[in-house]
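**Student:** Position chain B relative to chain A; hints supplied.
One line per chain: the protein sequences are A and B, in this order.
According to the numbering used here, the first sequence holds residues 12 to 316 in order.
According to the numbering used here, the second sequence holds residues 980 to 1256 in order.
FYI, nobody ran anything at the bench for these hints, they're computed from the structure.
Any given hint could be a false lead.
[What the hints assert, rightly or not] In silico DSSO-like pairs for lysine-lysine, Cα to Cα no more than 30 angstroms straight-line: (1) A:Lys33 - A:Lys124; (2) B:Lys998 - A:Lys140; (3) B:Lys1008 - A:Lys146; (4) A:Lys140 - B:Lys1046.
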Amino acid sequence: MSSLQKQPLIKVSNINKMFGSKHALNNVSFEINKGAPVALVGPNGAGKTTLFSILCGYIQQTSGDVSIMGHKPGSAATFGSLAALPQDAQLDPRFSIAHQLKFYGQLQGFNSKKSKYEAERTLDLVGLKEVLNEKPGALSHGMRKRVTIAQALIGEPKIVMLDEATAGLDPLHARQIRELVASLSSETTFILSSHDLSELERLCEQVLYLENGVLREHQTLTNEADLSYITLRMANAIPEFEQKLKAISQITQVTNTQDKEYLISIEPQENDLPIDIQILQLCHDNNWQYKQMINGKTLENQLFS
Amino acid sequence: MLSAQHLQSSFWRIWALIKFELIRLFFTKRGMLAVLAFATAWFIILYYPVNSAVSIVSSENFKDMAKQMFGVLGLSELLNWPVSELSLYWLIAIYSFPIFAVIASSDQTCADRTRGTLRFISLRASRNEILFGRFLGQVMIISALILVTLLATMIMAIWRDASLFVPALTKSLYLFKELFIAVLPFIALMAFFNSFLKSAKLTAVITMLFFGLGSIFIAILEYQIPAATHLNYVLPGVQLDDVVGQQGLGLSHYIIPLVQTSAYLALASIFMKRSAL
Chain A
12 MSSLQKQPLI KVSNINKMFG SKHALNNVSF EINKGAPVAL VGPNGAGKTT
62 LFSILCGYIQ QTSGDVSIMG HKPGSAATFG SLAALPQDAQ LDPRFSIAHQ
112 LKFYGQLQGF NSKKSKYEAE RTLDLVGLKE VLNEKPGALS HGMRKRVTIA
162 QALIGEPKIV MLDEATAGLD PLHARQIREL VASLSSETTF ILSSHDLSEL
212 ERLCEQVLYL ENGVLREHQT LTNEADLSYI TLRMANAIPE FEQKLKAISQ
262 ITQVTNTQDK EYLISIEPQE NDLPIDIQIL QLCHDNNWQY KQMINGKTLE
312 NQLFS
Chain B
980 MLSAQHLQSS FWRIWALIKF ELIRLFFTKR GMLAVLAFAT AWFIILYYPV
1030 NSAVSIVSSE NFKDMAKQMF GVLGLSELLN WPVSELSLYW LIAIYSFPIF
1080 AVIASSDQTC ADRTRGTLRF ISLRASRNEI LFGRFLGQVM IISALILVTL
1130 LATMIMAIWR DASLFVPALT KSLYLFKELF IAVLPFIALM AFFNSFLKSA
1180 KLTAVITMLF FGLGSIFIAI LEYQIPAATH LNYVLPGVQL DDVVGQQGLG
1230 LSHYIIPLVQ TSAYLALASI FMKRSAL
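Bound-form chain A, shown alone (with noise of 0.2 angstroms):
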């Protein structure tokens, strides 16, 4: 039992995927434990839909070992415990939302009773209940999102890979879905994919940054990394912010990492009074109106910084 409970839910060990000449993913390795959301991000072209198409079984690697709660991608298993929002990937636009969820569900070995239960519970979930025996030909593309979503949530898996799940969601549903899946954490364990890296820093504790098919950054955003950093957003460019930041005796190094956004170092004194108070307090006695300060770095300049 306790074996079972220190196996990781997903092994990924020394993968390589070729399409041809073109090396998709190189040498990946890595390891995924239950819990906290996990972000997978990288520019486009990086490996990131073929590295979610392999762990879901939907291609086979070239070389090297996945194991998803110790079986085979797309083995029998996996089945039920396991599940995804694919890329671009389309309900049967023929038969209605309840009815394909259901059939989803029963493939899951719930009977009939519990998957129509299930199919009702998850559009719920995503804020849907109400276009249960639509087709999905009546929905907008948002809504249709958010359905395949409810799919992913059925009979509430241990692992769920979102694949750029609130990519063409209005804010206010992309807000839903983040919310979704910070309060289904708890039990799921998620493995999200986007471009969205201030989504994806609300969510995730750990990161996987691909490049090229390379696994650049294997990292758990914690808040002791975080220590030695500021990120300050100011509401207007000041010339003169650099320099005054400069003079305060913590502070080490600011860099400019875009515009209005200032990347501060500190080294922490113990005598001295906290060092965002002091910034703070600098922003007050020159009357600069600043609009949002983060202890540490945001995720984009971990990543690229």
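**Tutor:** Okay, now just chain B, sitting in the frame of chain A:
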């Protein structure tokens, strides 16, 4: 080793896939249109040639001519059947049902693969379960349609002469078995093409080329190498011309389609396992 529980779960999933296929044909607009077209075609067949079968066959002039002609074609046995409606039904059904099976089962997995729907399903059922579920669903659909047409023909015969009930029933059951076995390799061939082709239209085109160019290619090869005649066994329906006369039927006439079915399903399974979803 597969445990009993695994097998039970697997059967459950295959049954869910079969049910979905049945609903696709009988309860969706497109499916019902296909059934309506099928029913119309068979209404014409039953109303004209089959309904007139008795008068045609009982006419002395026709009998003489038919005996000569059917004798040449090896079909004279059919004239001895007590239910003439079933003779004509058989002549039409043995060639039309394989063609209908090809058309009806040309989209088993390809549209779902192209749309991405197969990705949702493959997280809940193995590729073999999807393949066999869809195949068996199509087999059940074609079987149901064969049964309906046989029933209609039987009713016509009994309507004419109630004493034909027993011979019509026994012959119908026999013909059902014959037709059922005849259509299997055609549906399996479609399952095979579906394992790597991306649309039903492309599957239909490839099927036409397979039968058309395949026969020509084998004929040319046979001319050069006589042993190449065995390649004909690759083509589903190779035994139909022998089966249609219902004379001197051996076990091989059943084994050929059953082996073809198994071979195409095995190939489809290999292709399905390797294909990207």
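**Student:** Decide, hint by hint, whether the structure agrees.
**Tutor:** Okay, the hints, checked on the actual structure:
A hinted pair counts as satisfied when its Cα atoms are at most 30 angstroms apart, and Lys33 of chain A with Lys124 of chain A does not qualify at roughly 48 angstroms. At most 30 angstroms may separate the alpha-carbon atoms for a hinted pair to count; Lys998 of chain B and Lys140 of chain A meet this at roughly 25 angstroms. Straight-line distance between C-alpha atoms of Lys1008 of chain B and Lys146 of chain A comes to about 12 angstroms, which keeps the hinted pair within the 30 angstroms bound. This hinted pair does not check out: Lys140 of chain A and Lys1046 of chain B have alpha carbons roughly 68 angstroms apart, beyond 30 angstroms.
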